[in-house]
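Engineer: In case you want the letters, here they are:
Protein chains: 2
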Amino acid sequence: MSGRLDELKRRMARLSDLKYASSLANWDQQTKMPPRGAACRADVLATLAELRHREFTDSETGRLLDAAAGELRGADPDSDEVRLVESVRRHWEKARRVPGDLTAEIARAGSRGQEVWIDARAQSDFAMFQPVLQHNVDLARRYVECHLGHDGFQCAYDVLLDDYEPLMRTAQVAALFDELKRELLPLIDAVTNSAGVDATPVEARFPVEGQRALSREVVELMGFDARGWRLDDTVHPFATGVGDGDVRITTRYDERYWPMSLFGSMHECGHGLYEEGAALAHPRSPLGAVDSLAMHESQSRLWENMVGRGRSFANVLAPRAAAHCGGPLEGLEPEALFRAVNRVRPSFIRVEADEATYALHIILRFELEQELIEGTLRVADAAEAWRARFRQYVGLDVTDDADGILQDVHWSAGLMGYFSTYALGNLIAGQLWERAHRDLPDLEDALAAGELGGLREWLREHVHRHGAKFPTAELLQRELQAPISVAPFVRYLKDKLGDVYGLSL
Amino acid sequence: MSGRLDELKRRMARLSDLKYASSLANWDQQTKMPPRGAACRADVLATLAELRHREFTDSETGRLLDAAAGELRGADPDSDEVRLVESVRRHWEKARRVPGDLTAEIARAGSRGQEVWIDARAQSDFAMFQPVLQHNVDLARRYVECHLGHDGFQCAYDVLLDDYEPLMRTAQVAALFDELKRELLPLIDAVTNSAGVDATPVEARFPVEGQRALSREVVELMGFDARGWRLDDTVHPFATGVGDGDVRITTRYDERYWPMSLFGSMHECGHGLYEEGAALAHPRSPLGAVDSLAMHESQSRLWENMVGRGRSFANVLAPRAAAHCGGPLEGLEPEALFRAVNRVRPSFIRVEADEATYALHIILRFELEQELIEGTLRVADAAEAWRARFRQYVGLDVTDDADGILQDVHWSAGLMGYFSTYALGNLIAGQLWERAHRDLPDLEDALAAGELGGLREWLREHVHRHGAKFPTAELLQRELQAPISVAPFVRYLKDKLGDVYGLSL
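In order, the protein sequence lines correspond to chains A and B. Residues in the first sequence are numbered from 689 upward in steps of one, following the numbering used here. Residues in the second sequence are numbered from 689 upward in steps of one, following the numbering used here.
Since the hints were derived computationally from the structure, they do not count as laboratory data. Incorrect hints may have been included.
Claimed, not checked - Lysine to aspartate or glutamate pairs mimicking EDC-like chemistry, simulated, CA-CA at most 16 Å apart: (1) A/Lys869 - A/Asp746; (2) A/Lys720 - B/Asp768; (3) A/Lys782 - A/Glu759; (4) A/Lys1184 - B/Asp913; (5) A/Lys720 - B/Glu1062; (6) B/Lys697 - B/Asp789; (7) A/Lys697 - A/Asp754; (8) A/Lys707 - A/Glu743; (9) A/Lys697 - A/Glu748.
Working from the sequences, and respecting the hints, build out all of it.
Structural biologist: Laid out in structure tokens, this is it:
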């Protein structure tokens, strides 16, 4: 009865294998590959992408989808099988609109672009990066053109956003961001005009080897297990599954700013737990590969900020940081650490931004990307536009493009349309955090004791195990009985910053 | 004029990309992968192998071969293009005889088998390994059946050997091995009955970190360059290109037997130089992937034994080993090191065997493999057969299968027919070594000064740059005006052991 469905699953399993081969090649490029491997690696990634695209978009996939749907007539519409067929069909229809050589070129340009970006960023030279950005914008436009007029896309940016947050539309994001900005700006004003907090603890010089040990200890509390995980060094931190049950996370170390490695590791471990949970619940299946980056980011940000920078977990972090750092952090008080790591201060680098100003970094990118894609902003003017917008939103003058437009890997890798999912992830994290506290009344006591398993299992149950089975809106409706919303995140943030700054917000 | 030839080259370039993706996945499995990644990695490797097989054996490849041959009519028969078409056609015809699912299953079984082997070897438990060996023997037989009656194969083993040493036949190897055994046995008798050598220097306890530094220094003298190479730890050392200009070599360390890591590193670096030279001369081409493992092994053994264990290079090694080891090797004399690392003594482990007894380890495997494939030896009896044959040839009683049949990774990975190329490599190394001395009169002085570039460039010119362009017999004829032969290796060995043991051999 399910012969063609099984065949579809096998076909998808092979595509999952190819995706893992690409993920591994990309992980290796960023962590282990000697520099002379770069040119050839770009070809390898392009060929894998092209083959995967060709295999997936083959008309045989369509025939199997039709036949499998027939076999599933009358089946539970919420079963894994029915959802698999629906999800594959939607992706298949989108992918078929893109020629194979464009797919290969996007992969190749992304791999080569990252190599150029590393040098351009090191030399803070936008001119060096400009041809890469131009090429990637051109490719993104060609990609958009394949899809306009389909799937109810209302604008060019909808096409790109849909790749990172399926079924989400630009207008909805813009509305959420408007509301978020209205809430955040007065909050930022209030705290930056207050007495401020003592940042001494985060300014302590902390040797890299000690940071490495601290990061490792903390991710192990979260669920990192050397039998299935690796933690490596990289320029731009990331998390990726390179196999079902094989999770790779990376972080970077700065002796003069130790919270970066610690919270970066927690962030990536949050992603990793999601990758692991989804893949093990749906092995070698497209449902095991999370396709909502907003959901993905909700996991990383929840662990990084709500747990990691939370009042309770400071009781775990403070003594461990003191022990691994030695002198400068001796006798560090949890309360002092809690306040220091939650200082709100406009700053240049997105990944180091506090939780209140973070969204401003995202909104800037969200707007610039739309303008680049629509052609209302020329690539040659992008660095200047960045500086102007940054001054307007964050209030700082970018004097060095390495701290401005060159700070993120995304545009070098051809990832246009991706950034907004970071801020959407914060919103969802706020919603999950509120519900987790309702379901787990002793949660804060557990966090203060370093017992993170309860929260992890709650997330496994309500988020991870679903993998890519439900679109975000439906997942939130099923698990939280609510659409994506701004209020819980803002409540969380006011509560925390009120505590940090001794203000009533 | 060359449209179809170019298309053939592009097709082959994509296959080269897929091969590199597999090489990377295999490298990662043996050096970086957490253990829980193993099951999924086997699927990834199987899918890559299956896709590569399908792409390669597609009838479109045949059409392009025909058309390219037409375009090349009248071209220089020794040109890269003509040789490319000839070589691809031969491999294409062989590969087309193998069903895709068998190819995938061989890859999957090889990947899974290695994981079982690691445990079985650690526990010295042949029973644990037996099902893996049985499955791999069964697969090898199915593979053989695809090919019998083609390409002039005279016996089952010819089919397997041809995969590792193209166009070489079992009967020719057997004749060479008979001659080699006749020469070696009296030589071994003579030296093992002599006064012996002082092995103290190789028995010194040498901390792993010092060995690591020594290995790194020595491979850098050979041409290892961090811009294009990596050296990592592994259970079973190997070398692999994972991209044109991206070479990965591995070694293992034993505090109680330091020559293993040093000479292992030199061995793998010898392979790596060949991989690098061939790939850079023929980027993204099948001609850049050396398909003669005897030629490959000639490079590794030449660097490991003729250079590394040679009288001249001992002048370089002795002071460096003393410096990195500290106390136990203080004041180590080059002459003492030279004698110690060339001690002839029957031993259990092939990769630690001296140059005189090494071939006996190979001949044993060469015979057992033939018997397993022909079915005259049952897999269940293989460990016992190993012990009996080992007693007969080497004169030692294997009491522990970890030191017997479980010592090598090959059979776990499905690599049947491979071993003889190791001993053939020694013979070719002997021929190259003799010719290099004729062409480079100051070679020994250079080696004594640690200047290895002259020899490396000589090998680049006479061996590496050809890649897979010529079959071994033709390459040797072109470069040495001789067929593969036993005499130069034996001359080299008598000369060296006469020096070590103070005998006239």
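Engineer: For each hint, tell me whether it holds in the structure or not.
Structural biologist: Evaluation of the provided hints:
no., hint, result
1, A/Lys869 - A/Asp746, "44 Å, violated"
2, A/Lys720 - B/Asp768, "33 Å, violated"
3, A/Lys782 - A/Glu759, "24 Å, violated"
4, A/Lys1184 - B/Asp913, "52 Å, violated"
5, A/Lys720 - B/Glu1062, "43 Å, violated"
6, B/Lys697 - B/Asp789, "26 Å, violated"
7, A/Lys697 - A/Asp754, "13 Å, holds"
8, A/Lys707 - A/Glu743, "12 Å, holds"
9, A/Lys697 - A/Glu748, "13 Å, holds"
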